[in-house]
Every structure is written in C-alpha cells, then in structure tokens.
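Protein chains in written order, with my numbering: chain X, 1 to 336; chain B, 1 to 329; chain W, 1 to 498; chain E, 1 to 356.
If you're looking for bench data, these hints aren't it; they were derived computationally from the structure. The beta carbon of each residue, even a glycine, is placed where N, CA and C say it ideally should be. Treat the hints with care, since some could be wrong.
Said to hold, decoys possible - Subject to a maximum C-alpha distance of 30 Å in a straight line, what follows is the list of computed DSSO-like cross-link-like pairs (lysine-lysine):
hint, chain 1, residue 1, chain 2, residue 2
1, X, Lys203, X, Lys226
2, B, Lys221, W, Lys374
3, W, Lys280, W, Lys433
4, X, Lys331, B, Lys221
5, B, Lys221, W, Lys269
6, W, Lys318, W, Lys329
7, X, Lys331, W, Lys136
8, X, Lys203, W, Lys124
9, W, Lys474, X, Lys226
10, X, Lys203, W, Lys474
11, B, Lys198, W, Lys371
12, W, Lys370, B, Lys221
13, W, Lys322, B, Lys221
14, W, Lys136, W, Lys123
15, W, Lys433, W, Lys226
16, W, Lys141, B, Lys221
17, W, Lys329, X, Lys203
18, W, Lys474, X, Lys329
19, W, Lys30, W, Lys67
20, W, Lys123, X, Lys203
21, W, Lys205, W, Lys161
22, W, Lys30, W, Lys280
23, W, Lys117, X, Lys203
24, W, Lys117, X, Lys226
25, X, Lys226, W, Lys340
26, W, Lys254, W, Lys226
27, W, Lys379, X, Lys226
Claimed, not checked - Chain B regions said to be covered by chain W (calculated; three or more residues, Cβ under 8 Å):
hint, stretch
28, 238-249
29, 313-319
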Amino acid sequence: MANKSVSKTAGTNKSFIDKMGGQQFIVLIIVIVMFIFFSAMSPGFRKYTTVVSILDYSYYIALMAIGVTFPLLTGGVDLSIGTGLICYSLIGGLLVRQHGMPVAVGMLVTILIGIVFGIINGCLVALMDLPPFLATLCTCMITRGFGAFVVGGYGIPWPAAGQEGGWFRSIFKIQMGGQNIPIGFLWIILLVIIMSFVLNHTKMGRYTRAIGSNKEATRLSGVNVKFYHIMAYVICGLFAGLAAIAYSAIFATVQPGSGAGFEMDAIGGAIVGGVSMSGAVGNVTGTLIGVFVICLLKTGLPFIGLTANWQQIITGFVLIIAVLIDIFKRKKESGQ
Amino acid sequence: MGGRKVESIKQNPLVKKVGFNRIVLCIVLLLMYGLFCALTGGDFFGMRRILSALNYAYFLGFLSLAVTFVIATGGIDFSIGPVMFCCALMAGFCFTMYGMPMPAALLISLVIGLAFGIFNGYLVAYWNVPSFITSMASMNIAKGLASVFTKTQSVSWPQSSQEGGWFRNLVTIEDIPVGLIILIVIAVVCAILLNQTKMGRYILSLGSNKEAVRLSGVNVKKWEMSAYVVCGLLVGIAAIFFVGAYSTVQPGYGDQYNNEAIAGCVMGGTSMAGGLASISGTIIGVFIISLLQEGIMALGLDKNLQLIITGIIVIVAVFADVVARRRKN
Amino acid sequence: MGEVILTMKGIDKSFPGVHALDHVDLEVRKGEVHALMGENGAGKSTLMKVLTGIYKKDSGTITYEGKEVEFHNTREAQDAGVVIVHQELNMLGHLTVAQNIFIGREFKKGIRIDDKKMNEEAKKLFDRMHIDIDPKETMSKLTVGKQQMCEIAKAISHKAKVIIFDEPSAALTESEIEELFKIIRDLRDQGLGIVYISHRMDEIKVITDRVTVMRDGAYVGTLITKDCTKDDIINMMVGRVIYEDPKTQNMTPKGSPVVLKVDHLNAGKMVQDVSFELHKGEVLGFSGLMGAGRTETMRALFGADPIDSGDIYINGQKVTIKSPQDAVKHGIGYLSEDRKRYGIVVQKSVAENTTMADLDEFSNGPFINKKKEKEVANKYVESLATKTPSVDQLVVNLSGGNQQKVVIAKWLTRNCDILIFDEPTRGIDVGAKNEIYKLMNQLAAEGKAIIMVSSEMTEILRMSDRIVVMCEGKKTGELDISEATQENIMNMATREIS
Amino acid sequence: GCGGGDEATTSDNGDAATSEEDSSGGGDYTFEVVVKSFQSTYWQAAIQGIEAAKEELGVKVNTTGPNAESDIADQVNMLNNAISQNPDGIALAANDQNAVLDSLQDALDADIPVVCFDTGVPDAPEGSVIATIATDNEAAGAVAAENMYNVIKDTIANATEPVRIGEVNQDATSANISGRGMGFINKMKELIEADGKTVAVIGNQFYVDQVENNGDEGSADVIIEVAVPAQTTVELSATEASNIMNKDDTIAIFGSNQVTAEGVLTANQNLNVLAATPDEGIVGVGFDAGATLKAAVADGTLIGAVTQAPVDQGNLAIHALYDYCEGKEVSDIPTDSYWYDASNMEEEDIAPNLYD
Ligand SMILES: Nc1ncnc2c1ncn2[C@@H]1O[C@H](COP(=O)(O)OP(=O)(O)OP(=O)(O)O)[C@@H](O)[C@H]1O
Ligand SMILES: Nc1ncnc2c1ncn2[C@@H]1O[C@H](COP(=O)(O)OP(=O)(O)OP(=O)(O)O)[C@@H](O)[C@H]1O
Ligand SMILES: [Mg+2]
Ligand SMILES: [Mg+2]
C-alpha cells in the first residue's frame with residue numbers, strides 16, 4: 001500500500017491540515033447527530049448509565065485505535081491487534097489465575113507481550129521488508145493460535161471486582177455515591193493528549209509521518225528509518241497491550257479464539273476519523289472521534305430496538321457513508 | 001547509438017516459466033506430505049487423508065482465487081469469508097425453508113456472491129471508497145443480512161441421501177475428488193483470464209499504476225470493478241463447496257477464513273501491492289494450508305498450531321521472495 | 001581550482017542484465033564545478049549513488065580527503081560532507097518546507113522538536129539563496145520548481161564539502177536556473193567541490209570548469225570546459241557529431257486542414273479561456289514558464305481533468321471529451337510530462353506497456369495475441385533505439401530516457417492522428433533527443449498533427465511550426481516560427497507577471 | 001491398563017496402533033473425545049470427568065476440540081480425523097447436529113460406536129449413536145424460570161404497569177441453548193398465565209416464532225424480551241444484556257449459559273442494578289458455573305443459577321463406551337441439572353459441578 005503514496009508531487013492544491021480538520025469536524029457532527037438521534041428514539045439511551053456503558057465498551061477499541069494510528073501513518077497497518085489483545089490478556093491472566101502471580105505482574109506481562117509482538121511486527125515490516133498487511137495478517141494468525149495454545153484453549157477470567165486483585169478493574173471505573181465514574185475516559189483523553197504531542201512535536205511522530213509520506217526520501221535524508229518504522233509498530237503493540245488490560249477489566253472472561261474483528265473496529269474508527277490508509281495524513285484526535293462513531297453504532301443501535309443483525313447491516317452502511325461524505329467533499333474541493 | 005553490452009539473465013527455461021517461488025512451494029508441499037506420512041507412521045499415506053484435506057482445499061481454494069483478483073488490483077477484500085457464509089445461508093434457507101429446487105438454490109448462491117462483488121466493486125471503482133472500508137462494510141452487511149434472512153438460524157444443506165443431496169456430487173462421487181477437477185478447471189480459467197485476456201492485463205496493470213492506465217484511454221473503473229465481480233462470483237462458488245463438505249453454516253461468522261484465504265494467495269507469490277498475481281501459486285498455497293491443517297490434526301496436535309505454522313510459512317515464503325528480489329536489484 | 005578532494009577509481013557495478021558501470025574514474029577538486037555528461041543510461045546517476053552509499057560498488061576505490069572511504073548509507077556520506085540532490089524529487093509532500101529541509105537533523109528543545117527555530121533557519125537559508133518560499137508551507141503545495149529549490153536548499157544547509165546536483169535544472173524555469181547558478185558559483189568560491197549532471201549543453205558551457213564524459217557505463221574522458229566546444233563533448237558522448245539548427249520556416253503544407261480546434265476552454269483556475277487551432281502535419285509548440293497551465297490545458301483537452309466550459313472540434317466536428325477514453329477514441333494521444341506517475345506501468349514489461357493504449361488491436365475477442373504484441377514492441381524498440389535487454393524487461397529497470405521512449409512507443413502503436421507531447425525530452429540525452437525530434441518531424445510529415453509542450457527554448461525554436469505562449473493559465477500569444485525569437489517568446493511568457 | 005495416564009490428551013499414535021490390536025483381548029481401549037471447544041471452563045469440568053473415568057477404567061483417551069463453538073467445519077474435520085484413527089469408540093459433543101451426520105455414517109460404516117454427550121444428535125443414522133448423555137435442557141430452563149418466578153411473583157401480581165423479563169441467549173442455532181431458552185420462556189409464561197396475567201414474548205424472531213399463543217406486546221402485563229448477540233462474544237453479549245437491563249420496566253434477567261450470564265454480570269458492573277428482589281433492582285439468574293458466576297451467586301448479585309453436571313457427563317460418556325466395548329447394554333442417560341444459590345453451593349451433590 002505504501003508505494004501508492006510516493007510522489008504525491010505538486011498538483012494537490014489543498015492543504016492537508018484543512019482536509020484533516022475538515023473530516024474531523026464532519027465526523028464530530030456525525031457523532032453528535034447520532035447521539036441526538038438515539039436519545040430521541042430511546043428513553044433508555046438518555047440515561048447516564050448508558051453513556052457509561054458506551055464508554056466502557058469503547059476503551060479497548062479506543063486504545064487499539066490510538067495505537068494503530070501509528071502504523072497507519074507510516075502507510076502500513078496492523079491487523080494483529082485484535083487477536084493480539086486476546087492473546088496478551090490470556091497469557092497475563094494465566095499467570096494471575098494459574099500461577100498465583102499478583103495482578104500487577106499479570107498486567108505488566110500483558111503489556112510486555114504486546115510490546116514484544118510490536119517488535120516482531122516492526123521487524124517483519126521494517127527489517128524484512130514484508131508488506132505490513134501481510135506481515136500483520138500472519139501475526140494475527142500467530143497470536144490467535146499462540147494465545148489459545150498457551151492457555152490450552154480455556155477461557156481465562158481475570159479477578160472480579162471485590163475479589164483479591166480485583167482492584168485493577170477500578171482503573172477504569174470507580175464508584176462514588178452509588179454512581180459509576182468512568183475514569184477510564186480520563187485515561188483515554190490523557191493518552192490522546194500525550195500521543196498527539198508525540199505525533200506533532202517529537203522526532204518519533206515527525207518521522208512516522210515522513211515514512212508514510214515518502215519512505216525512500218526519508219531514508220535518503222539520513223533518518224534511521226528502520227528504527228522509527230519499528231517503533232511505530234512497537235507503540236501499536238504497547239497500546240494493544242493496554243487495550244488488553246482494558247478489555248480484561250471490563251469483561252468477565254477472556255475467551256481464546258475471539259478477538260478477530262476487533263482490529264476492524266479500531267482501524268475503521270481511525271479511518272472514519274480521517275486517518276488515511278496511504279499514510280501521513282491523520283491525527284489521534286480524529287481517531288478518537290472516529291472510534292466513537294463505531295462504538296455508538298455498536299452500543300447505540302440496540303437501544304433503539306434493533307436486533308443485533310440489523311445493527312450489523314446499518315454499521316456497514318454508516319461506515320461507507322462516513323467515508324463517502326469525505327470523498328465527495330474532497331472531490332468538490334479539488335473540482336474548484 | 002553505442003552498442004551497450006546487454007547480458008540477458010541466464011535461467012533454466014522451465015524455472016523461468018514456472019517461477020522459482022512456485023517450484024519451492026511445490027517442494028515444500030511434497031516434503032510436508034512426506035513428513036506427515038513419516039510422523040504418523042504411514043497412517044497419513046493414502047487417499048482418505050488426501051480427500052479429507054481436499055475438502056478444506058475446495059472452498060478455501062475458491063476463496064483464495066477470488067481474493068487474488070482483488071489483490072491484483074492493489075485492493076483487499078476482508079468480506080470474502082462472511083459473504084461466503086451469507087451465500088450459503090441464504091441459498092440454503094431458500095432450499096430448506098422455501099422449498100426451492102436445488103439448482104435454483106445453487107444459482108442463488110452465485111447471484112448473492114455476484115451481488116456483493118458488484119457492490120464492493122462499484123464502491124471501490126466508481127466512488128473511490130478504499131477497498132478496506134468497503135470490505136469491512138460488506139462484511140457487516142453480509143453477516144447481518146444472512147442473520148435477518150435466516151432469523152439467526154444455522155442452515156444445513158441436505159445430506160447425500162436426502163432430496164437435493166445430489167449437489168454433493170460436485171464435491172465427491174464415491175472417492176473420486178470431483179471438486180478437485182472443478183477447482184483445477186476454474187483455476188485454469190482464472191489463469192487464462194488473468195494472463196491471456198485484456199481483462200487480466202488491465203487488472204494487473206491498474207494494480208501497478210492506475211493513473212497511467214487511465215491516461216492510456218482505458219476504462220479503468222470498469223476493469224477495476226470487474227475484478228471484484230469475478231471475486232464475488234468465485235465466493236458464491238466457494239459457498240457451494242463449503243456446504244458440500246461441511247453441510248452447515250452458522251450466521252454471524254465466516255471471518256475466520258479470510259486470513260487463510262489471503263495467506264494462501266500471498267504465499268503463492270501474489271503481491272499485496274497489486275500488479276503481480278499468480279493463480280498457480282495461489283492453488284499451491286491453498287494446498288499447503290489444507291495439508292497442514294489435516295496433518296496437524298492427524299498428529300493429534302492442537303489446531304492452534306496450524307494457525308501459528310501457517311503464519312510462519314507465509315512469512316518465510318514472502319520473505320524469500322523479498323530476498324530474491326533484493327538480490328536481483 | 002584547488003587540490004583534489006575526491007577520487008573515484010575503477011568503479012564497477014552490475015545490475016542483473018546490465019553492466020551499469022565499467023571501471024569508471026572521476027576526480028573532483030575543491031572549488032570546481034565538474035560536469036558529468038553522458039547519454040541516458042550512461043550510468044551517471046548510478047555512479048553518484050555508488051558514491052553516496054545508496055548502491056554498493058562491486059569493485060574500485062573511492063578516496064575522499066586523502067583517505068579511502070566507503071559510505072554505507074547517505075547518513076554516513078552526509079556526515080562526511082558528501083551531499084546529493086537527486087534527479088527524482090525526494091520530498092515529503094505532507095510535511096512543511098522547513099520540516100523537509102531539516103528532516104533527520106531537527107533542532108530540539110528537550111524532547112520537543114523546535115519547529116520555530118527550524119522555520120527561522122529555513123527562512124535565513126532562503127534569504128541567502130534569494131528565493132521566496134514560506135518555510136511553513138506544505139511541500140506538496142509548491143510548484144515543481146520551488147520543490148526543487150527546497151531540495152537544493154536542503155543540500156546546501158548541510159556543512160557539505162562536495163555537493164552533487166543530478167539534473168537540477170530539468171524542472172526549473174530560466175530565472176530559477178539563473179538563481180541556481182549564482183548559488184553554485186557562490187559555493188564554488190567557498191571551496192566546495194561540485195558535481196553537476198545535466199543534459200543541457202548550454203548550461204555546461206556557462207557553469208562548469210571541467211567535464212567528465214561517460215558512455216555506456218564506461219569512462220570516456222575528462223576535458224577542461226573552456227578549452228573545448230559543444231561538439232567536442234557531444235562527440236565524446238555519442239561518438240559522432242549531431243547538431244541541428246533551429247527551424248526557420250513553417251513546414252506545414254499550405255492550406256492543410258484544421259484537425260483540432262479548441263474554443264474558449266476553461267478548466268479550473270489554471271486554464272482560462274484558451275483557444276487555438278492545430279493543422280494537419282503541423283508541430284504546434286506550447287511555450288511558457290513552469291506553472292503556466294500548459295499541462296493543465298492538455299490534460300483538460302485529453303479528458304484527464306474535468307472541463308468547465310468551452311468546445312473542442314475535431315476535423316470540424318464538435319466532440320465531447322469527458323475522459324481519456326473519449327479522447328483516445330477521437331484519435332488523440334497524450335504523452336505526459338511525469339512518466340513515472342502517468343506514463344508507465346512500472347511492474348509490467350516493455351511489450352505490455354507498448355500495447356497498453358491499443359490492446360483491442362492486439363486481441364482476438366477477449367484474448368491477447370502475445371506474439372503480435374512482441375513483434376510490434378520489438379519494432380519500436382529498434383526504431384526508437386530503446387536500450388533494453390528484451391521486450392520482456394520490466395519497465396521499472398530502464399533508465400529515465402528509455403522509459404520515455406516506451407511511452408512514445410505506446411502512442412505510436414495506437415497510431416493517433418493528434419499527438420500531445422508534454423515535455424517529450426525531459427531528462428533525455430542529446431542522442432536520444434535527436435531521435436525523438438526526427439521521429440516527430442517524420443510523424444508530422446506523415447500528416448499527423450503534433451502539440452509539443454516544452455520548457456526548453458531551444459527545443460521550441462527547433463521543432464515548432466507555430467508557437468503558442470501561455471502565462472498563468474491564459475494564452476498570451478501565438479507566433480509563426482519565422483517571427484519567433486527567444487526574446488519575444490519570453491516577453492509573452494512573462495507578460496502578466498511583470 | 002496404561003497406568004496413571006497424566007498425558008492422556010497427548011497420547012501418541014504409535015501407541016494407539018498397538019493398543020488397537022490388544023483391544024480384542026479386552027480392557028485396553030482407546031477412545032477419541034471431540035468436545036465443542038475449550039473456551040468456557042465448562043469443558044474443563046467435563047474433561048475432569050473424562051480423566052477420572054480414564055484412570056478408573058485404565059483406557060486411553062484423546063481429547064480434541066475446535067477453537068470456538070462456532071467453528072463447525074473444524075469440528076467436523078476433527079471428528080473425521082478421530083474416525084480415521086480407528087479408535088474403539090468416540091465421545092462427541094456436537095456443535096451442530098446436522099454437520100456431523102455424514103461423519104456419523106462413516107463411523108457406523110467403520111463400526112466405531114459413538115456416544116453423544118452434552119448435546120444429542122437427533123437425526124443420527126440408525127445405530128451409530130449408542131447412547132446420548134445430556135442434560136434435559138428444556139427442564140433446566142424451566143428450573144431457572146421456577147426459581148426466578150418465586151422471587152418476582154409478587155411484583156408481577158401487584159404491578160400496574162407492564163413489566164419486563166429479559167433473556168439473553170448466546171445463539172439460536174444450538175439445540176442446547178434453544179432448548180434452555182424455550183424451556184425458560186414456556187415455563188415462565190405458564191406460571192404467569194396461571195396467575196391470571198398476560199404475557200408477550202418479543203425480540204429474536206426464532207424464539208418468538210416458537211411461542212404458542214403469544215400475547216400482544218401493547219396489552220400484555222409481562223413482556224419477555226429475548227436477545228441474541230450477533231456473535232458469541234463476551235462483549236456483544238454484554239451489550240445485549242446492558243440494553244435490557246437499562247430499561248426501567250425490567251424486573252428480571254436470565255443469561256442462559258456461561259457467556260451470556262457473564263454478560264449480565266459485566267453489564268451490571270456498570271449499571272449496578274442486580275438485586276435480590278425486584279423492589280431493589282433487577283433479579284438476575286445465571287446458567288452454568290465458572291469463577292465469575294460462582295462469586296456472583298455467592299455474594300448474592302445473582303439470586304442463583306442452574307448448573308449441569310459436566311463432570312458426570314464426561315465420566316458417564318467414557319463409561320458408556322467402555323461398557324459397550326465390554327459387550328454390555330448401554331442406554332441414554334439424562335443427567336441432572338441443579339439450582340444453586342448462596343445457601344446450597346457447598347452441598348455435596350452440587351459443589352463438584354461448580355467448576356471454576
Ligand atoms: N536498480 C536498477 N536495476 C537495474 N538496472 C538499473 C538500476 N538502476 C539503473 N539501472 C540501469 O543502469 C544503467 C545506468 O542508469 P542511470 O540511471 O545511472 O543512467 P543515467 O546516466 O543517470 O541516465 P539518465 O540521464 O536517463 O538519468 C541504465 O541502463 C539503467 O537501466
Ligand atoms: N498557483 C498554483 N497553485 C498550486 N499549484 C500550482 C500553481 N501553479 C502551478 N501549480 C502546479 O504546478 C505544476 C506545474 O504547472 P503546470 O503543469 O500547469 O505548468 P506547465 O505550464 O505545464 O509547466 P510544466 O509543464 O513545465 O510543468 C502543476 O502540477 C500545477 O498543478
Ligand atoms: Mg540519471
Ligand atoms: Mg507541464
């Protein structure tokens with residue numbers, strides 16, 4: 001995919017900042033419209049608890065999406081985050097459940113394995129020159145198999161709230177006066193701010209974009225392209241590890257063999273939020289907004305009385321429409 | 001003009017024709033078979049195992065062929081698995097619930113596949129929606145549509161002895177692998193389509209540089225869409241062979257086959273960047289995957305190992321290709 | 001000229017099927033501008049890529065500042081003071097100008113990149129070069145010429161001792177070239193060694209001190225520029241003298257019919273109210289500065305970009321052209337200026353590219369007649385003297401000039417009546433240029449109508465029967481060749497700007 | 001016997017071949033077990049039972065299963081593979097009743113006896129399945145309904161506005177789940193109607209269509225809402241549960257297997273609505289066990305749950321195969337399901353079936 005982006009020489013007469021800001025804005029409006037629509041349609045949706053539910057289920061997707069923004073910006077992709085998430089969580093959970101390790105150690109291991117697979121992906125792509133789609137498709141299969149293999153195929157429940165070690169669930173949600181406070185959302189916002197900074201004001205971010213814009217030119221400029229290319233995947237792996245913890249904290253049991261398809265939600269969110277599949281264009285704030293479109297569809301549609309199956313159909317169409325709006329907008333712009 | 005010394009690359013004509021990569025894959029395939037025979041103490045030897053492995057190879061083969069066309073244009077299709085299930089579910093439901101005759105059901109499967117192909121192709125080619133998004137959308141739509149249509153029921157196609165069960169003869173008659181013959185015939189048709197016809201030439205060329213082909217006065221939209229249409233039709237065929245071998249499909253699934261189908265295709269030398277595709281490679285790749293799946297099971301090993309090993313083999317195969325190309329340059 | 005700073009001796013390099021460099025020598029001194037000349041595919045770029053560590057040499061030695069060196073990547077070369085401005089633009093379209101210039105060596109404030117300081121430094125650099133570019137502008141929004149200037153600014157900003165310019169002028173306007181020469185002289189006076197690659201003979205005489213000529217990957221010789229003539233150099237490059245004078249009179253047969261009439265064409269802001277006529281057997285030159293909108297006009301005419309208003313008549317018939325397909329159907333062929341992006345399909349063979357526009361002619365029903373395809377491809381490889389091991393070679397492996405020939409072959413195969421050549425000889429050496437000129441003349445004589453867009457004045461004067469001049473999207477003049485001079489064309493080309 | 005076979009699950013094929021020859025002499029049998037998957041701990045418990053039987057009888061057992069219960073094709077492959085090992089018998093928990101029919105015919109042709117456990121295969125070729133050892137799922141669902149009704153009976157009787165009872169079923173395809181789901185619905189409907197109220201069942205079409213004399217949603221006193229997630233995943237089950245539990249008129253909810261019951265608990269982590277009585281919140285009932293569920297029952301979050309007897313089932317399946325090989329008569333065995341709550345979890349006949 002990356003080679004499609006090379007040599008975007010003169011001729012594109014619009015600023016990419018405009019374009020990106022533009023799409024973010026459109027998507028933000030879509031989120032708001034959807035929210036108003038669902039609220040109008042369903043009394044259940046208007047409740048505080050619903051908002052908390054949507055947030056709850058959005059954490060792991062949001063974390064994956066923030067991470068995968070980096071490979072996307074290099075013009076690559078990481079398809080292994082979904083099955084990876086389950087794999088990391090299974091292994092971390094296994095240590096806690098079967099080997100009696102403290103939850104903190106389990107969490108650390110979860111993140112570390114995420115980073116290890118990030119390094120593997122990065123090496124496959126940057127050192128061995130495999131197409132990112134393909135390399136991560138393979139690690140997708142490998143993590144899916146590996147996680148299930150290590151735990152012997154059994155589902156792993158992380159400690160429940162109230163149990164020994166259950167404290168980690170309150171990283172994402174604390175109770176105060178009988179109400180749940182979704183503090184996980186604050187973490188997400190914090191991470192988005194940090195990653196925005198990394199992307200826009202550090203070498204790491206600069207080179208990530210540069211690689212997506214023109215890898216060869218970046219290399220010829222004397223940048224250690226391999227290192228930074230690997231790092232994009234490492235960040236993605238790190239965030240997949242964090243997502244694994246969010247997932248374990250929100251849901252009771254982690255089932256091996258699941259997780260395929262999570263990456264679609266995350267990547268779809270990023271793209272809807274304005275990240276370009278051909279690299280260099282996009283931002284983590286956009287990604288976050290895009291993720292909310294996906295999550296609203298996933299958690300919002302059931303509230304207006306649609307069965308799960310209609311949800312899927314509608315999700316499909318909304319995805320296309322979100323992208324089409326952007327395409328038509330751009331067409332109109334360039335037509336002038 | 002000066003007489004530049006132009007050395008042509010010396011290569012065995014056979015190797016050149018078939019491709020080094022594919023020869024290696026064939027050897028891998030044979031070695032794997034030998035290895036499994038040895039490890040299982042000869043139990044693996046014989047038709048029964050091969051037939052069983054072939055069951056898996058049929059539908060996967062058609063899926064892989066299907067996605068080869070899309071990948072050749074530089075696109076990607078993650079909806080093949082779910083669409084295959086959607087075809088099988090809706091067509092099967094027409095047969096079991098609405099009492100349609102079997103030929104009509106088979107036709108419906110193809111038509112649904114085709115419809116998704118047209119849908120994907122139209123969005124990608126005419127409206128410039130990234131193929132990743134289109135396929136993600138049609139994956140959701142296929143799952144949802146099938147669930148709504150069948151009321152989330154799984155659908156079982158008739159057994160050989162039941163009415164309409166004759167369609168299983170497409171897969172095997174007694175111990176004759178009819179499906180293999182059909183797969184090979186269709187693969188040959190695909191190969192001709194890709195290498196000998198205008199359509200194939202344009203598909204591969206636009207996969208490599210779409211703008212240049214457009215400026216040559218070619219209707220690139222039509223040809224790009226045609227790749228997705230062929231893909232859809234092949235997915236419809238895959239659905240028939242899936243139920244021919246495994247009878248039952250369940251709504252809401254199918255994505256588990258995407259990766260294996262794409263893996264088979266890429267293992268055989270089709271480039272994810274587009275412009276480069278090999279049908280024979282795809283078929284060999286699919287055989288490797290299905291043999292692996294059968295072999296792992298025969299050894300009594302974990303199914304998960306198959307995923308891991310497939311992943312590693314694809315990485316090695318593609319890396320070998322990368323190295324070979326690097327050495328050339 | 002000072003002491004020797006860089007010596008390359010017996011450099012050898014092979015690609016599969018091509019012996020690109022055959023024991024080539026090169027010596028660069030401090031304070032000189034050293035021209036590297038040779039036909040397309042002679043190996044100039046390859047030699048420079050070997051020097052800067054992009055390719056690994058097979059054998060030979062490189063001595064730099066008295067020590068034998070081997071750079072493994074551009075970073076090492078840069079750090080040692082050897083910098084290259086590449087033939088193909090190497091820019092990051094999504095980043096700003098300043099970010100491009102300082103990529104890989106950003107100023108930092110803690111872990112933060114100091115974008116402010118980078119912008120200031122870039123501004124200083126541009127001021128020194130007397131060019132007006134906003135460092136905060138996104139790179140892809142600049143014209144090709146300005147992008148090229150940024151590349152040069154980037155090279156200068158390194159503390160370089162040797163700078164290599166690989167065809168820097170190909171994308172620059174006359175005035176920009178003037179600026180460039182000033183900069184180069186400045187650098188030379190500071191004692192830098194400069195390698196200058198170009199196909200433009202005039203420039204060589206103006207700017208360089210010595211010339212090294214290569215032919216077919218081999219070293220031919222080195223000359224002192226002021227002691228030799230243009231012909232000497234060309235002779236060394238191609239082994240024979242070829243030089244032709246400008247056309248002096250319109251060669252179009254009297255009363256030949258109008259095949260193409262463009263009436264008040266508007267397309268976007270770069271094509272405003274353009275009208276012209278094209279006769280059978282005529283070569284119509286389109287002159288103007290870069291960004292004058294010539295390419296846009298041709299793309300609109302060809303259906304590659306949408307037309308806002310205006311009419312197109314072919315052989316007196318009004319036609320609608322909405323896509324390149326329509327244009328090709330009406331017998332128009334378009335040779336784009338950016339062959340990498342719009343001309344060739346790099347992953348396909350020479351033969352496959354040759355028949356791309358006319359595949360129907362080579363098919364029986366849906367099937368392609370590959371034998372016929374190869375025959376025709378071979379015919380054009382011969383008649384255009386394309387350097388390729390065989391017609392099965394992938395186009396990606398050909399040198400720039402030879403790629404251009406493949407694109408020409410594509411349109412010749414299609415046998416179009418109206419041919420648009422947009423910068424047909426950009427980056428093509430004299431020998432090959434001559435072949436292409438001959439071909440164009442021959443085609444015109446056969447009764448084809450040709451539009452030739454070119455930024456090279458000599459080319460316009462030599463080839464055109466009539467000349468249309470454009471400036472800022474508008475047609476500013478039309479001249480018969482008999483009345484055309486460099487001066488009055490430049491006048492029209494800058495009419496609105498000044 | 002082959003002694004303490006710790007490694008039974010990985011017994012290699014060389015041994016299998018020899019034991020086959022021995023088997024004519026009696027005693028040393030090899031059995032293949034194909035389970036639905038290993039995803040939920042339910043199967044861990046079943047395998048415990050199998051292991052116990054294996055040690056007790058001194059037979060060899062190979063256990064396999066696909067990655068997920070939805071991988072029907074994989075399971076068919078595994079079953080075919082098991083048949084081609086030519087074991088003395090096969091114990092099967094089929095993911096799909098129809099997909100395995102051809103394979104069962106093959107087993108019959110190869111004279112390999114098959115025992116179905118956990119799930120029956122009603123249309124199996126005559127003679128291929130020698131015994132079915134499974135829970136009566138309709139009855140199990142009914143048990144859940146009865147126990148739930150005891151708690152919510154008064155609320156329903158006193159309600160002026162319609163009230164809602166939720167049911168989350170993992171799918172509409174497997175006989176177990178649909179049996180349980182319908183068992184619950186039918187029993188609940190029967191109980192409510194016996195008390196003179198009207199019932200409407202809404203939601204998933206498959207379940208709604210099976211209800212006889214379904215009431216009208218607009219006028220019914222009690223609405224039973226059936227939700228089925230698009231896929232059998234934890235997060236989608238939780239979403240469906242959340243949706244029902246978020247409605248103001250919901251008084252009770254039933255998750256009909258481990259995954260969906262955990263979905264109910266996940267939703268509750270956020271909503272905090274589960275309670276012991278309808279006055280305080282929503283009454284939750286689960287199915288199966290597992291650490292999470294057990295904890296929830298123990299602390300009263302769920303008023304209780306129904307558990308099957310996976311350990312017994314696994315054990316009995318192997319015993320049935322053994323008996324058959326020894327020439328004894330075998331027949332179908334319906335295994336029990338038990339209602340458990342905080343008060344009886346420690347009891348002797350319940351505790352062993354409450355796997356983690
Ligand atoms: N990566 C490569 N692989 C194979 N052949 C190559 C490669 N790069 C260059 N060549 C060949 O080496 C020869 C020298 O090419 P090079 O680009 O150095 O020519 P050049 O003198 O710069 O020509 P031009 O004036 O057209 O830029 C050509 O025949 C070209 O086809
Ligand atoms: N004012 C402008 N704003 C943005 N882009 C411009 C502007 N002027 C020119 N360009 C771009 O610069 C490139 C050169 O312009 P164009 O091709 O129209 O000029 P031309 O007369 O054909 O010159 P040449 O063929 O020598 O490049 C084009 O791709 C055009 O889109
Ligand atoms: Mg060159
Ligand atoms: Mg131009």
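These are the hints, each one checked on the structure:
no.	hint	result
1	Lys203/X / Lys226/X	14 Å, holds
2	Lys221/B / Lys374/W	27 Å, holds
3	Lys280/W / Lys433/W	23 Å, holds
4	Lys331/X / Lys221/B	17 Å, holds
5	Lys221/B / Lys269/W	27 Å, holds
6	Lys318/W / Lys329/W	14 Å, holds
7	Lys331/X / Lys136/W	25 Å, holds
8	Lys203/X / Lys124/W	23 Å, holds
9	Lys474/W / Lys226/X	47 Å, violated
10	Lys203/X / Lys474/W	44 Å, violated
11	Lys198/B / Lys371/W	15 Å, holds
12	Lys370/W / Lys221/B	24 Å, holds
13	Lys322/W / Lys221/B	14 Å, holds
14	Lys136/W / Lys123/W	10 Å, holds
15	Lys433/W / Lys226/W	25 Å, holds
16	Lys141/W / Lys221/B	28 Å, holds
17	Lys329/W / Lys203/X	51 Å, violated
18	Lys474/W / Lys329/X	28 Å, holds
19	Lys30/W / Lys67/W	15 Å, holds
20	Lys123/W / Lys203/X	21 Å, holds
21	Lys205/W / Lys161/W	23 Å, holds
22	Lys30/W / Lys280/W	54 Å, violated
23	Lys117/W / Lys203/X	15 Å, holds
24	Lys117/W / Lys226/X	27 Å, holds
25	Lys226/X / Lys340/W	26 Å, holds
26	Lys254/W / Lys226/W	45 Å, violated
27	Lys379/W / Lys226/X	45 Å, violated
28	238-249	violated (count 0)
29	313-319	violated (count 0)
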